[in-house]
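Colleague: All chains, full assembly: derive it from the sequences and hints.
Line by line, the protein sequences give chains A and B. Counting with the working numbering, you get residues 14 to 204 for the letters of the first sequence. Counting with the working numbering, you get residues 7 to 255 for the letters of the second sequence.
Because the hints were derived from the structure by calculation, they are not lab data. Predicted model, so just to flag it, every value in this text is computed and none were measured. Quick reminder that beta carbons are idealized off the backbone N, C-alpha and C, glycines included. Please note: incorrect hints may appear among the correct ones.
What the hints assert, rightly or not - In silico EDC-like cross-links for lysine to aspartate or glutamate, where the CA-CA straight-line distance does not exceed 20 Å:
no. : chain 1 : residue 1 : chain 2 : residue 2
1   : B       : 191       : B       : 166
2   : B       : 239       : A       : 117
3   : B       : 115       : A       : 157
To be verified - Derived list of chain B stretches under chain A, where covered just means 3 residues or more per stretch with a C-beta under 8 Å from a C-beta of chain A:
no. : region
4   : 123-131
5   : 176-182
6   : 223-229
As the list claims (entries may be wrong) - One side only, chain A facing chain B, incomplete, derived with CB under 10 Å:
no. : residue
7   : 71
8   : 100
9   : 102
10  : 105
11  : 109
12  : 115
13  : 152
14  : 157
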Amino acid sequence: MRNNNHSSVPTFRRAFLSPLGRVREGLPFLSLLGRAREGLLFLPLFLLLFLASCSSVDCPLNNTVYANYKLMGRVTTLTDPLTIWTNRNDGNDTILINQQVNTDSFTLPVSYARDRDTLFFRTNTTLDTVTIDKTNIPHFESVDCGMNYFHEVKGIHYTRNAIDSITIQNRDITYDTSKKHFYVYFKEYRY
Amino acid sequence: MIHPRSISMYILRSIAISLLVLLVSTAYAQKETVAKHPQQPRHLSKQEQEAMRRKQIDDSIPFFRGVQVKVDAIGLVQKAVSDYGQYEAGVRVNLKDKYFPVVEFGLGKADHREVTTAISYHTSAPYAKIGMDFNIMKNKHDIYRTYVGARLAATSFKYDVDNPAIIDPVYGGNYPVHQQGVKAKCSWMEALAGIDAKIYGPIHLGWSVRYYRRLSHDDGPLGNVWYVPGFGKQASTRIGGTFDIIVEL
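Modeller: What follows is the structure in C-alpha cells.
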C-alpha cells in the first residue's frame, strides 16, 4: 500500500522543495535554516558548477631526466679540471661539463632514444671512455605537460686510465633528482 | 494395626492437599500472565501512537516494492559540451522503501587534443558500480525520498596517447610517441547524498552529490592516465554528481 500524502500532481517546485521539509522532521537542526532551505537545496548544484569550472595543471616541478654521479672512494673531491663530452646524433661533439674543478658530484643528460650513450671524461692529460647501456621508456604525465623519456640502466663499461671503477647505485633514471645513479671512483694517482 | 477408617481419612487428606497445591500454582501462573499482559488499555502518548501507526504501515508494506531504471543527464551534457564524459544508466531495487541495492553501468569516453602541448589522448571503455542507497526520510513511504549511499566502482580500459614532437635538446633528434592500447585499471568508492521526487506517474527526477575516492590503480607502462572512464580526469580525490531521470517500474 502506498501512502500518498499529496492528492494532486505535484508541481516542479513542490516536488523538489518538499523532500527537504520532510528530511527536516528527521533532522531537527535543519529547521533552523528556515527560509534558507531553497538556497540550501540548490547549494550542491552551485558547488558542482563551481568545481566543474575549476581545473588544475599538475605538472611536476622538475621535468628533466638527468643521471646523477657522485665521487666516492679515496677521491671524493676531484681537484683536477674535469671535462666531459659526448657524440650527438648528427656526428658532432657536445661538451656537457667544461673544465670543472673541485668536483664532488655532477649530473649528465641522458639521450632520449639511444640504447647506448658514450661519454668521454678528461682529467688533465688522461682520457676515459664510459658507455652506458639503457632502455628508453616514454613517460606520460598529463596532456598539459610535455612527455619525456625515463630510462633503466642495463650496464656500464669504462676504461681505467684515471677512473678506477664506476658502480650502478640506482638503475631507474626519472624526474627524481634525489637519487644517485652512479658512484665514480677515481684513482688517487692519475698520470 | 491401622484402622480402615484412618486409612480412608489419610487418602482423603492427601487428595485435598494435592488439589490445594494445584489450585495455588494455577492461580499464581494466572497472576503472572495478567501482569505480563494487562487487560486494561494504557494511555499512549502522541509519539507512541505515531510510531504504532508507522509500524503498522511498515508491516503492511511488502519486502519487494519495485525497480527503478535511471539515466544520468550530467554525463550526457558533459560529453556534449566537452571532449570527455560518460553515458551512465542504472537499476535500483526498492526493498520496503528503505533499502535500495543499485547497480550502475556506464561508458566513459575521452577524445582530447591539448593545443599547448599537441598531446592527444583517446579512450573509450565501460565501467560498473555496485552499492546501496538508504532512504533516510522519516516517512519512508512518501513519494519523495532522500538518500545516503555508497558505491564500489571499477574499470579496466585501454588508452591511446600521441605526442608528435619530443625533441632531444642535447643529443639531437625528434622521437615522437604513438602509444596505442595502453592497458590500465582503476577502482574507487563513492559516498553520496541525494534526493528523488515523483514528477508524473512513474517518472521521477533526482540528483546526487558524490565524493569519489580512488582505492587502487594501475596506470600502465606510461606512468599516468589522464581520464579514467567513470571516475573522470586524473586526481586521487574529487567531488562530482549526477542528475537522474528515473522511471519506476
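Colleague: Against each hint, give a clear statement of whether it holds in the structure.
Modeller: Against the structure, the hints come out as follows:
no.: 1; hint: B:191 <-> B:166; verdict: 14 Å, holds
no.: 2; hint: B:239 <-> A:117; verdict: 43 Å, violated
no.: 3; hint: B:115 <-> A:157; verdict: 18 Å, holds
no.: 4; hint: 123-131; verdict: holds (count 4)
no.: 5; hint: 176-182; verdict: holds (count 5)
no.: 6; hint: 223-229; verdict: holds (count 3)
no.: 7; hint: 71; verdict: 7 Å, holds
no.: 8; hint: 100; verdict: 8 Å, holds
no.: 9; hint: 102; verdict: 4 Å, holds
no.: 10; hint: 105; verdict: 9 Å, holds
no.: 11; hint: 109; verdict: 8 Å, holds
no.: 12; hint: 115; verdict: 24 Å, violated
no.: 13; hint: 152; verdict: 5 Å, holds
no.: 14; hint: 157; verdict: 6 Å, holds
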